[in-house]
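Undergrad: Here's the letter readout for the chains.
Number of protein chains: 2
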Amino acid sequence: MKQTYIADVARQAGQEIVIKGWLYNARSSGKLMFLEIRDGSGIIQGVLSKKAVPETVWETAEKLTQESSIIVTGIPREHPKRPGVFELDIAAIELVAVAEPYPITPKDHGIEFLMDHRHLWLRSRRQHAILRVRHEIIRAVRDFFDSNGFILCDTPIFTPAACEGTTTLFEVDYFDDEKAYLTQSGQLYNEATAAAFGRTYCFGPTFRAEKSKTRRHLTEFWMVEPEVAYATLEDTMELAENFLSFIVQRVLENRREELAFLERDITKLEAIKAPFPRLHYDDAVKMLHQGFAEGKLEHKFEWGGDLGAPDETYISEHFDCPVMVHRYPAQVKAFYMEPDAERPELALGVDVLAPEGYGEIIGGGQRMMSLEKLRERIAEHNLPESAFDWYLDLRKYGTVPHAGFGMGIERCVTWICGIEHVRETIPFPRMLYRIRP
Amino acid sequence: MKQTYIADVARQAGQEIVIKGWLYNARSSGKLMFLEIRDGSGIIQGVLSKKAVPETVWETAEKLTQESSIIVTGIPREHPKRPGVFELDIAAIELVAVAEPYPITPKDHGIEFLMDHRHLWLRSRRQHAILRVRHEIIRAVRDFFDSNGFILCDTPIFTPAACEGTTTLFEVDYFDDEKAYLTQSGQLYNEATAAAFGRTYCFGPTFRAEKSKTRRHLTEFWMVEPEVAYATLEDTMELAENFLSFIVQRVLENRREELAFLERDITKLEAIKAPFPRLHYDDAVKMLHQGFAEGKLEHKFEWGGDLGAPDETYISEHFDCPVMVHRYPAQVKAFYMEPDAERPELALGVDVLAPEGYGEIIGGGQRMMSLEKLRERIAEHNLPESAFDWYLDLRKYGTVPHAGFGMGIERCVTWICGIEHVRETIPFPRMLYRIRP
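Same order as they appear, the protein sequences are chains F and S. Residue numbering for the first sequence follows this note's numbering, beginning at 1 and increasing consecutively. Residue numbering for the second sequence follows this note's numbering, beginning at 1 and increasing consecutively.
Calculated directly from the structure, the hints in this document are not laboratory data. Don't take each hint at face value.
Identical chains blur together in the list; that is why a pair holds if it fits in one copy or across any two.
No more than 27 Å apart at the CA atoms, straight line, and that leaves these computed lysine-lysine pairs for DSSO-like [stated by the list, open to error]:
#  : residue 1 : residue 2
1  : K63       : K268
2  : K51       : K396
3  : K51       : K373
4  : K51       : K179
5  : K2        : K107
6  : K179      : K211
7  : K373      : K50
8  : K107      : K396
9  : K2        : K333
10 : K300      : K2
11 : K273      : K81
12 : K213      : K396
13 : K50       : K81
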């Protein structure tokens, strides 16, 4: 008989079905046995009555350990008091394999133990909820761009000679003693594809060799980066707010159950609707000064600096929506940012800070259009112009205003799930001291 | 006025619109000028009448070089003889930037020159057609799995100690003198996620440090790999044929124009419908022997070997659909393949060979279920068991039959586009001597 997935049992209520899965949990009253069975698509409670089944079926059930693989035949029946919840009246159990004593038990394991057993930890309800939200977010990201005229242009992972210094780059032995570096961002390449396709995005893993051991850092993380020709800072802020609203609404539509399991405060997500507040850097600084004056911030923020994590948290606490801080001092931003025409000491950049203290989830802005000014900046930053030959070409052959942003998927998942640490938002996280399993 | 994309002009026929793009081509009769304008979404012919426009507009148009960036105001009008084709009656042109003499001209450039200018070459019609097909294929891949109950589980790029020998692995300096290796396949990790989620897939860049300089090899390529718990070789063959049919049909639905531009023989693609022929390895060998006897193959194939490129081409020429060659000798396949219960010298593996000589595009099979046998295989292959601790865990805790496959996106794009070389199927290809731009 064909396998029925637990997620689909409602369609076959009252009919005999076969479920192929694993024992998640079991309890017995001596006459009745309750087997929680999981198959990856969901969990169903199987009910076994000693009187009703052949002795061999009962004996098989008694042998089962947690995570033993089983093929169960039975009839799904709606729970009398919980509409939409189904139980399975078990008629037969085929034992595929008895599991050895399972290392992850209901007791509290330390995080290192769980991370060492990530390949098994992924079977837990909590990890299922988080990774299903991740799946939904990624799908929403692609749907958003694909349905808005963007073309996916994957940018390369191997990049040549380090452009912005090698300190946070991973080096790879390429062929014949050549070195390659793992990408930190597809942006420079996106600028080329945006000039070709108008609206493009890349979406793939990126790498940072930062010796940071915080709850917000992975050495390998997925980033989506749209880029639009003929777009300004204002256009990219509008794109960012519509994009984030879309993602949050899609998760709310399709993953309520998972959010509920994670005890996420849904009202906080329901508030995420475009337009988002825009906050000029100057006003952000004023807000931080007031926070310091009121004793809510330890250090006095100096105009001209980049926001630190406590600053971001303090600012974002003033808003229910993500807040878009724009026009940072050029000196704290990348060399390729377009200066503000009215105040050239400011860069046309934006950081989007998630609410509830989750900090920056999007960074972007308008890129420099002028060949001459870009050359000056490259020189000012002591970068080798030869490494940027092709990038400068984009200004020689039909330069246009253009803008875009990048969003780290894992930080977005962390925020939307309302969890503590980025390490649970990717199946196999890579961190400073963690490349296993 | 808001920008209209060329792809959307039909909706605004007869109304004044603004197009923001680049000059693709121009010709003039002295009184009339025809400007081909591209904006990434498409190309439209703009018509400029010297009589009808102010002199300054005509003068601006005369200054334009190929790839100059321009903002054009005009009224789109359906071509009198070509329904669905629109021309633009130009009223005004704003010059954004004059382009320097464009290096890519209609003359025949060598491939190295084009690859050196990949960032500009991407603006050509041919590259647009190919990369739009790529976009469509990737979208179809995700839609197929997402709508069939699969959960996306991204597998890591950084992997620990080389499992299957380091000869084709790229080595990365991780932290504190530790080495990491770039993934060649997410499969082992997929087996863990399939045991957690039932049906999973990963889809990301993979890396092979092969010193191959063929039209089928990239050092960095994208691979999609589904894995299904409780699935057999037969199940995975069925999945593969449905998957490929779905992709081809979607490209035919949405990218006919691009296929036509590439002069793809559509009838060959229209024939791609599941079920696909299945060919036992033994029968493949017989076919190759006959080919040798008839003088169509240079070398006599020996039972027990893996198929070479000429063998694959010869076999695939017998079929209109991809052919699924299954049950290869275990000795030529990976250690983790489940042996055929009736003939243990054969592995339950399958290679899917694309028609028209495009060779293998999918490889997969059923994975070994037994802990004991897997340990034996690891020892036989002289692999360090410690590196497989977590992988062996999957057999200790609820092992089940499971199967899956991997498909390289670039080979699939090459085949569906009907083009010669894999290098055009990814925006910035990485090859033996190529990591720039």
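Undergrad: Each hint needs a verdict: does it hold in this structure or not?
TA: Now for the hints, and whether the structure bears them out:
In this assembly of identical chains, the alpha carbons of K63 and K268 never lie at most 27 Å apart, being 46 Å within a copy and 55 Å across copies at closest. When the C-alpha separation of K51 and K396 is checked against a cutoff of 27 Å, the pair qualifies neither within a copy, at 83 Å, nor between copies, at 32 Å. Taking the shortest Cα distances, K51 and K373 never come within 27 Å of each other, neither inside one copy (85 Å) nor across copies (39 Å). Proximity of K51 and K179 under a CA criterion of 27 Å is satisfied in neither setting, with 70 Å inside one chain copy and 59 Å between copies.
Taking the closest pair of Cα atoms, K2 and K107 never come within 27 Å of each other, the shortest separation being 37 Å inside a single copy and 60 Å across copies. In this assembly of identical chains, K179 and K211 lie within 27 Å of each other by CA distance both inside one copy and across copies; the values are 21 Å within and 16 Å between. For a Cα distance limit of 27 Å, the shortest separation of K373 from K50 qualifies neither inside one copy, at 82 Å, nor across copies, at 36 Å. In this assembly of identical chains, the alpha carbons of K107 and K396 lie at most 27 Å apart only when taken from different copies (21 Å versus 63 Å within one copy).
Taking CA atoms no more than 27 Å apart as the test, K2 paired with K333 passes in neither setting, with 58 Å inside one copy and 30 Å between copies. When the C-alpha separation of K300 and K2 is checked against a cutoff of 27 Å, the pair qualifies neither within a copy, at 66 Å, nor between copies, at 43 Å. Taking identical chains as interchangeable, the C-alpha atoms of K273 and K81 are never at most 27 Å apart, the minima being 36 Å within one chain and 47 Å between chains. In this assembly of identical chains, K213 and K396 lie within 27 Å of each other by CA distance neither inside one copy nor across copies; the values are 42 Å within and 33 Å between.
In this homomeric assembly, K50 and K81 come within 27 Å of each other (Cα to Cα) only inside a single copy, at 24 Å, whereas the closest approach across copies is 80 Å.
Going down the numbered hints, you'll see the structure goes against 1, 2, 3, 4, 5, 7, 9, 10, 11, 12, while the others check out.
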